[in-house]
Amino acid sequence: MSGSASEAREAILGRIRAVVPAAHPPGARPAYRRSLELDRAGLVALFAERIADYDVTVHPTTTDGLGAVLGEACRAHAVRRLAVPQDLPAGWRPDGVVLVPDDGLSGAELDALDGALTGCALAIADTGTIVLDSGPTQGRRALTLIPDLHLCVVFADTVVGTVPEAFDRISVERPVTFVSGPSATSDIELSRVRGVHGPRRLDVVMVLE
Amino acid sequence: MNVALFIACFNDTLFPSTGRAVVRLLERLGHTVEFPLEQTCCGQMHFNSGYPDEALPLARRFVRVFAGCDAVVSPSASCVGMVRREFAHLAERAADELLAADAAELAPRVFELSELLVDELGVEDVGAYYPHRVTYHPTCHGLRGLGLGDRPLRLLRAVRGIELVELPDAEECCGFGGTFSVKNADVSAAMLADKLRCIGDTGSEVCTAGDNSCLMHIGGGLTRLQAGVRTVHLAEILAATESDRSR
Amino acid sequence: MTTFQQAARSGLRDAQLRRNLDHATRTIRDKRSRAVAELPDWEALRSAAAAAKDEVLGRLDDYLLELEQRVQERGGAVHWARDAAEANRIVADLVLATGADEVVKVKSLTTEEIGLNEALAEHGIAAVETDLAALIIQLGDDTSSHILVPAIHKNRAQIRELFLRTLGVTELSDEPAALTEAARRYLRERFLRARVGVSGANFGVAATGTVCVVESEGNGRMCTTLPETLITVMGIEKVVPTLADLEVFLQLLPRSSTAERMNPYTSLWTGVHEGDGPREFHLVLLDNGRTNVLADEIGRQTLRCIRCSACLNVCPVYARTGGHAYGSVYPGPIGAILTPQLVGIDKAGSLPYASSLCGACADVCPVNIDIPRVLVHLRAHETAQRGPSAERLSMQALARMFASRERFERLQRVARRGRGLPGLSRLPGPLREWGRVRDLPQIPDESFRDWWRRERSR
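Residue numbers (our numbering), protein chains in the order written: chain D, 1 to 209; chain W, 1001 to 1247; chain F, 2001 to 2458.
Read the hints as simulated data drawn from the structure, not as lab findings.
Since this is a predicted model, take the numbers as computed values, not measurements.
All residues carry an ideal CB built from backbone N, CA and C; glycine is no exception.
It cannot be assumed that every hint is accurate.
Said to hold, decoys possible - The following label-pair restraints were derived from C-beta to C-beta distances:
{"id": "1", "chain 1": "D", "residue 1": "27", "chain 2": "W", "residue 2": "1095", "range": "16 to 26 Å"}
{"id": "2", "chain 1": "F", "residue 1": "2388", "chain 2": "W", "residue 2": "1095", "range": "18 to 28 Å"}
{"id": "3", "chain 1": "W", "residue 1": "1205", "chain 2": "F", "residue 2": "2344", "range": "49 to 59 Å"}
Stated by the list, open to error - If you want the ones that stay clear, here's a sample from chain W, every Cβ over 10 Å from chain F, calculated:
{"id": "4", "residue": "1011"}
{"id": "5", "residue": "1043"}
{"id": "6", "residue": "1068"}
{"id": "7", "residue": "1069"}
{"id": "8", "residue": "1101"}
{"id": "9", "residue": "1106"}
{"id": "10", "residue": "1121"}
{"id": "11", "residue": "1124"}
{"id": "12", "residue": "1127"}
{"id": "13", "residue": "1129"}
{"id": "14", "residue": "1132"}
{"id": "15", "residue": "1144"}
{"id": "16", "residue": "1163"}
{"id": "17", "residue": "1172"}
{"id": "18", "residue": "1186"}
{"id": "19", "residue": "1201"}
The whole structure should be built from the sequences, with the hints applied where relevant.
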């Protein structure tokens, strides 16, 4: 660190120490709600209800039916070319769609595709949130950001009840993104408009078993 | 019960009828009222206006004057708030342990009128008669400062002959705010205008509240506009009976 | 220096602003109440958040050092800035070192506070605002009037007109969806070619070195993911102790600000992530007066603020004057206590009085800042630094008269005779100010105590 940089650092730290001289022992933290007391079916139902508030459609399916449901979703959105992570599982390949693995696609290349298909780390029922942690089947952040449609596969056994339960499970080794619906703004006269810069459409495929 | 009346400096001078009403009401309910003549002011205006040093001796004086009283009642939620919450801060600021102790000891015995009636005396029907169309404005000190909740409304609902109309946007501040009313007179006037509009929308003859400070501001606006609506303190409605002249 | 009282007048008289603000604040207020009522543990969350912040503020040096170390371990660089000028110089130097002459920015009050865009412009660097409202403000050469919805004072017709003028479009309806689409196309181009992104931070986790940005539009993700270089400017008070603490703040913030259960996007990154996102990450830690706030035992709680703007949406003063009246990046109740502490009470002395102390703000603050208490505390600072004044003399005279029964009763008699409390009547025009819109109360012939003595002689 250069001279004036360490000077600034020492000055700020010194000032902090001067004005709050004694270390305060941490106060007690009150307990708050950590879980919802719902079984898996209840969590899945709540998640679907909550994410529907953001105009997101949840398509239920089984592992066997996954490919077909993905195909239907792609047809419904007129998707011809879909960006996918390099570790996309075999059973996740919808028919009639060109799958483009993200092996370092440029921003412009991603922008030219019709959508992206990924999995996720977990989902939060209480808030209708999908959590991406750049882990298996998820790819990098740009993948779920640039294309205009995000098709996300959620496994029912990864749905947790609350935000605290989500934080019990995530690791920040890799980037983490909480996604709750497509992007939105209320900046013009407070009327909410869906879809600004992130994907304007988000579809969830929920694998129940 | 023997209750000491803390009338508040501005009520003593400008709204003595409110004090008389409190006395009449409590005596009608079978309690005795004393009035420590040494009381003057709790120091709220000084404190809120940025003069805590000037408020400090007034706080010390207050706890001395009311030291021996079993219960203290006031028809001013803002003053009760000052005594119960801010005296401790004044004491902390001045590192005055004696004041801190005295204030802490006195605080649980100081009540706003509706608190005393509902919580301590356990009464909601005080035997009042007030045949007028009335709307109730919950003052900020009462609502948020003391958390009075619906105690005043429960007392009002039990008044015979009253026609109680809900005030739209009741919880909005009326714009008085002590010296705010003159230091930011324009904003205060804007807030007052909306409060007067809401009162007008109720078609009431009377606007009531538990603080004459707010009522002075609202009432001053009503008379300036010749609105034909008057302000009456909650205590005066609760003290009213059939044998009263029309009020 | 314009006082709040003077600046408030134009807002008060702007009927369009008054209607927009009234509609907007009412709408969010109601939504917020419903969102909060859903959580059975809202009060516990507030207390937990306040406790977490107080813990940090009680040992801020340790937590900042921990944050620095973790960020460095994960390949990020940490810079310290004592004031706005130093922060701007650091950022400008970092941008110049990349050779870029344009940066894309996520809305950040902190960068507005230090005037970053103007400072970059002096170095020939264009800072493109990418939040829709911030873009509207920037294109219109305007200033923000609300923390969360900075362009709340503009209606759709005004925005359409602005976009026609500045975005290079020839046809445009005034439907919000169409306006948003126009902004989207304009900005997408810039996102995809940007080499440097600049952001603020909602939270910085000391234990892991993780930075958290909360947003709705996706421009935050664009700016923090696509460029090769990311510079984040973060006030030193934004630190939280552990990752788990975010579980509390991420429940409080969305419900308090946009009244949603969760905002569309929350991004967490730590230093540099290989193969995903910027190759260079710089965290600029900013003081710029925060240590002044820290120094004040009662004022310190101001630093708990998570910039949700719930206080603005319930404030009867803000709703009638708008944000510009506060003369600062931070308007409303939080602005009234933060700005004077950051810049000095002598430079913002009218702000602590811009409140009727109604307490609605304290009711909704997710981190339990007792805003009215801090306002009163700052008023004491203000009168102290003002020194001797006519007001102080009057206040002292009045206090002396309240100090004894005899003097108080004499005051009452004089007032009755003079029909006006002598102390107040000597203040520059308070009775006149009162009388402009209200009648003065008539002083009755007999005070309460006179009646008591007459009726109740013992």
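Each hint, compared with the structure:
1. D:27 <-> W:1095: 16 to 26 Å: Roughly 23 Å apart at Cβ, these two residues keep to the hinted range, so it holds.
2. F:2388 <-> W:1095: 18 to 28 Å: For residue 2388 of chain F and residue 1095 of chain W the Cβ distance comes to about 25 Å; the hint holds.
3. W:1205 <-> F:2344: 49 to 59 Å: holds (51 Å)
4. 1011: Label violated. Min Cβ-Cβ 7 Å, cutoff 10 Å.
5. 1043: violated (8 Å)
6. 1068: holds (16 Å)
7. 1069: holds (16 Å)
8. 1101: holds (21 Å)
9. 1106: The claim stands: residue 1106 of chain W keeps its Cβ more than 10 Å from every Cβ of chain F (closest is about 18 Å).
10. 1121: Its Cβ never comes within 10 Å of chain F, the nearest being 21 Å, so this holds.
11. 1124: Consistent with the label, residue 1124 of chain W stays out of reach of chain F, its closest Cβ about 26 Å off (over 10 Å).
12. 1127: holds (21 Å)
13. 1129: Holds, because the least Cβ-Cβ distance between residue 1129 of chain W and chain F comes to about 23 Å, which exceeds 10 Å.
14. 1132: Its Cβ never comes within 10 Å of chain F, the nearest being 21 Å, so this holds.
15. 1144: Incorrect as stated: the minimum Cβ-Cβ distance to chain F is 4 Å, not above 10 Å.
16. 1163: holds (26 Å)
17. 1172: Non-interface label on residue 1172 of chain W violated, nearest chain F Cβ at 6 Å vs cutoff 10 Å.
18. 1186: The claim is violated: residue 1186 of chain W sits with its nearest Cβ about 6 Å from chain F, within 10 Å.
19. 1201: holds (16 Å)
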